[in-house]
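Protein chains in written order, with the numbering used here: chain C, 653 to 703; chain R, 569 to 935.
A hint or two may mislead.
[What the hints assert, rightly or not] Each computed DMTMM-like pair below joins lysine to aspartate or glutamate, with the alpha-carbon atoms no more than 20 Å apart: (1) Lys-668/C with Glu-836/R; (2) Lys-875/R with Asp-903/R; (3) Lys-719/R with Glu-836/R; (4) Lys-744/R with Glu-902/R; (5) Lys-668/C with Glu-902/R; (6) Lys-750/R with Glu-902/R.
These are calculated hints, taken from the structure and not from any lab test.
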Amino acid sequence: MFDVQALLETLPLMGKGMLGIFVVTAIIVLVVNALNNIPEKKTKKNNKEEK
Amino acid sequence: MLDLFANFSTVTFQQIAMWIIGGILIFLAIKKEMEPSLLLPMGFGAILINLPNSGAQHIIDVLFKFGISNDFGELMPLVLFIGIGAMIDFTPLLTNPKLMLFGAAAQFGIFFTMCLASFVGFDLHDAASIGIIGAADGPTAIAVSMELGSKYIGAIMVAAYSYMALVPLVQPPIIKLCTTKKERLIRMDNTAGKAPSKLTKILFPIVVTIIVGLVAPDAVALIGFLMFGNLIRECGVLNSLSETAQKVLANLITIFLGITIAARMRAEEFLTVDTLLIIGLGLFAFIFDTFAGIMLAKIMNLFSKKKINPMIGAAGISAFPMSARVVHKMGLEEDNQNFLLMHSIGVNVSGQIASVIAGGLILTFFR
Chain C
653 MFDVQALLET
663 LPLMGKGMLG
673 IFVVTAIIVL
683 VVNALNNIPE
693 KKTKKNNKEE
703 K
Chain R
569 MLDLFANFST
579 VTFQQIAMWI
589 IGGILIFLAI
599 KKEMEPSLLL
609 PMGFGAILIN
619 LPNSGAQHII
629 DVLFKFGISN
639 DFGELMPLVL
649 FIGIGAMIDF
659 TPLLTNPKLM
669 LFGAAAQFGI
679 FFTMCLASFV
689 GFDLHDAASI
699 GIIGAADGPT
709 AIAVSMELGS
719 KYIGAIMVAA
729 YSYMALVPLV
739 QPPIIKLCTT
749 KKERLIRMDN
759 TAGKAPSKLT
769 KILFPIVVTI
779 IVGLVAPDAV
789 ALIGFLMFGN
799 LIRECGVLNS
809 LSETAQKVLA
819 NLITIFLGIT
829 IAARMRAEEF
839 LTVDTLLIIG
849 LGLFAFIFDT
859 FAGIMLAKIM
869 NLFSKKKINP
879 MIGAAGISAF
889 PMSARVVHKM
899 GLEEDNQNFL
909 LMHSIGVNVS
919 GQIASVIAGG
929 LILTFFR
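The shape of chain R in the complex, shown without the other chains (with noise of 0.2 Å):
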C-alpha cells in the first residue's frame, strides 16, 4: 500500500512552486483572456514535466527535439509563421508605405534590452535572446533564442507572451506619458493613398524575401515562411490552403507550441534569480519598443506639414492585432471621432516585418 505513495516522498518544494507558476498561468489564460491559445498549454506542461519521475517528460522532450530545437530548423515556430502570414492583410501598410519606419523605430527595445541585459550579466548570446523578447513576437523569439543556444528559452517564452497578453495594460501609460492631449488628438486622413492593385500584393511578399534575405541571409527561414503565407493568401487561387493555413495549421501547431516550451520550464532551471531578471528586461524591451516608435512618429511631425499622431507609432510593436487596437481605442477616449484604426493597423503589421528582420540581424551578428 505504501509503494502506492512513495512518489510522494520525492515531491520537492520547487516542483510545488512550478504547479502554482502553471496553475497562474492556466488562471490568466481562461479568466483574463491573456493569450489563452498560449499560455494554457504553458500552464498545464509546466504542472505535467514538474511532476515527480514525470512519464511525460520523455514525450515532451521528443516534442522539443522535433519541433523546436534546431537540430531540426526550429519546425514548429517556422510553420507557424506560414499561418501567421496568411492571416496578415498588408493592405494599410501598401496604402500608405512610410507607416514602415514607424515598425522599424520600434524594435529598438531590442536592442536596448540586447544592451541592458549584458550589463547585467548575462553572456552575449543570452543577452541577444533576452532582447529578442521585444519582438513581440513568439515564433521570432523561440527561434532567435534556440539558433543562438539560449538556455533561458523557457522564461524567454513566458517573459514574451505573458507581455504581449498585457499589451493592453503596459502601452497605455507609456503612451501617455510620451504625449501631450495635444498631440493624441491629432487627427489623420483615413482617405490618403490608393489602394494597392492585386500586383503589388502579390509581389510584396516575394519582393520582401528578396530584399531580407540578401541583407540578413539568417533570417531567410523566418520571413521566406512568414511571405510565404502572405503569398497563398493574396494569389487568390489558393484559398482552400490559405484558410487552411490560417486555421487548422495555425491552430494544431500552437497546441504542441505551448505544450512543448514546457520542456524548459523544469523546476530547477526555471526557478532562478535570472528568470526574474529576464522578466523584468522583458517589460524593458516592450516599454522601450513602444517609447521608440513614439519619438520617431515627433521627430518626424517636426519636419512634416501633415501631422501625425505619434500614438500610432507605438503600434509599431509587432504584437498583433492588440498594439493596433489600443492606440485606435486611445484614440477615440481623446475624441470619438478620431478613427485610428487603419494606420494604427498599418503599423502593426509593419512591426511584424520588422521584428523579423530585427532576428535577423541578430543572428548575423552573433552567428
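Bound conformation, chain C alone (with noise of 0.2 Å):
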C-alpha cells in the first residue's frame, strides 16, 4: 500500500516548491521596502495644516 518511490519522487518538489514561495516572497518583501521609502507628496491641505 505504501509508495516508498512515489514519496522519493516528491520530496524535490517539495524543496522546489518551498524555496519558490521564498524567492518570491523575498521579492515581495524588498519591493514593498521600496515602496514604502517612496516619499509621500505633499498635498495642499497638509500644507496648509503645516502653516
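Got two chains here, each in a separate frame; can you build the complex from them with the hints?
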C-alpha cells in the first residue's frame, strides 16, 4: 500500500515548492520596502495644516 | 397508488449515508456556526444530489460545468476571489513586510501533505490536489484541484472548509505543543513601522500580480483576481464597486458555490476509503502549516534582537481571519496585556497571498 518510490519522487518537489515560495516572498518584501520608502507627495491640504 | 412509492425501492444505503452526512454539515453550519455560508449549501446539495433519480442532478451538473469545471476557467472560485481581495486590508502587512515570510513558511503543510498523499498511494495530481487543502483557502483549493483534474474535489472541499471552520480547535493544541510558556509571553511592539502611503496601497496589488505572474504564470488568474479586488478597494474612487464586490458579489457566488460542489458528492464517488484518507491528510496539512510557521519564528528569534512571539507564525495559515483571532486570543490568555492582533492579521493576510503562490507553483510543476 505504501509507495516509497512515489514519496522519494515528491520530496524534491517539496523542496522546489518551498524554495519558490520563499524566493517570490522575499522579492515582494524587498519591493514593499522600496514602495514604503517612496516619499509622500505633500498635498495642498497638508501644506496648509503645516502652516 | 403504488406508483407514488416506486422511487422508495430505489433508495440505497449509500444514499441514506449521504443524507446523514448532508445533515451533519447542515447541523455544523447552523448549530456550531462552522463556515455556515459554505457548509450549509454543501450539506443541502449533498441531500439534493443523492435522492434517487434526482431531478436536481442536471441543473447542478450544469452549474458545475459552467461555474467550477476548467472548461469555463473555474469561473466561480475566481470571481469569488475579487470579493475576497476587496475584503482584505493589507495595511498590517505593508507596515511590517517581513511578516510575509511567516505566510510563506506556513505553506509547508501543502507540500508535506502532497508527499504523504503520494506515499499512501494517490497519483501525483491527486496528491497535489489533496495537499492544497493546506492552503486553507477554498477558491485556491477548488481552482487547483480542478486544473489538475482530481476526481476527489468533493472530499477535498469538505475537508478544506471543515478544517477552516475548525481552526479554533485544531491550532491551539499544536501551538501549545510547539511553544514554551516563556515564548508565548513575548510581547511585540505595536508601534513599529510607519503606516503605508495610499500610493503604496495602490501599487502593492499591481506589483504582486506582476511578480507572481512572472514566476508562476499559472497563478495569474488566482492572484490577479484577488489583487484586482484589492485594487478596487484601495484606489479610493470605486467605493460602490468595492462594496458590491465585498458583499453582493461574494454572497451571490458563495450561495451557488456550495451547492454546486455537491455535484461531486454523489454517494458512489464520495463514500470511499479514499475520502476518509483525504480527510485525515487534510488534518495533517493544517497541523504542519501551523508547525512550520511557528518554527520559522523560533529560528528568526535565534538571530534577532527583537524577539517575535512564535505564536504569530501559526497565523500564516491562510484561514482568514480565524487564525489571526486564535493567536490573538491565545496571547491574551497568557498575558492580558499582550496584544498580538496587528501582527497576527499581517501574517494571516500574507498567508492568503502565499497560499495562492503555492497553488500557482503546484500548477506550474504539474501541468
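Checked hints:
About 36 Å separates the Cα atoms of Lys-668/C and Glu-836/R, which puts this hinted pair outside 20 Å; it is violated. At most 20 Å may separate the alpha-carbon atoms for a hinted pair to count; Lys-875/R and Asp-903/R meet this at roughly 16 Å. For the suggested pair Lys-719/R and Glu-836/R, the alpha carbons sit about 12 Å apart, so the restraint of at most 20 Å is met. For the hint pairing Lys-744/R with Glu-902/R, the CA-to-CA distance comes to about 11 Å; that is within 20 Å, so the pair holds.
Distance restraint check for Lys-668/C and Glu-902/R: the Cα-Cα separation of roughly 38 Å exceeds the 20 Å cut-off, and the hinted pair is therefore not satisfied. Proposed proximity of Lys-750/R and Glu-902/R is supported: the alpha carbons are some 9 Å apart, at most 20 Å.
Going through the hint list in order, the structure does not satisfy hints 1, 5.
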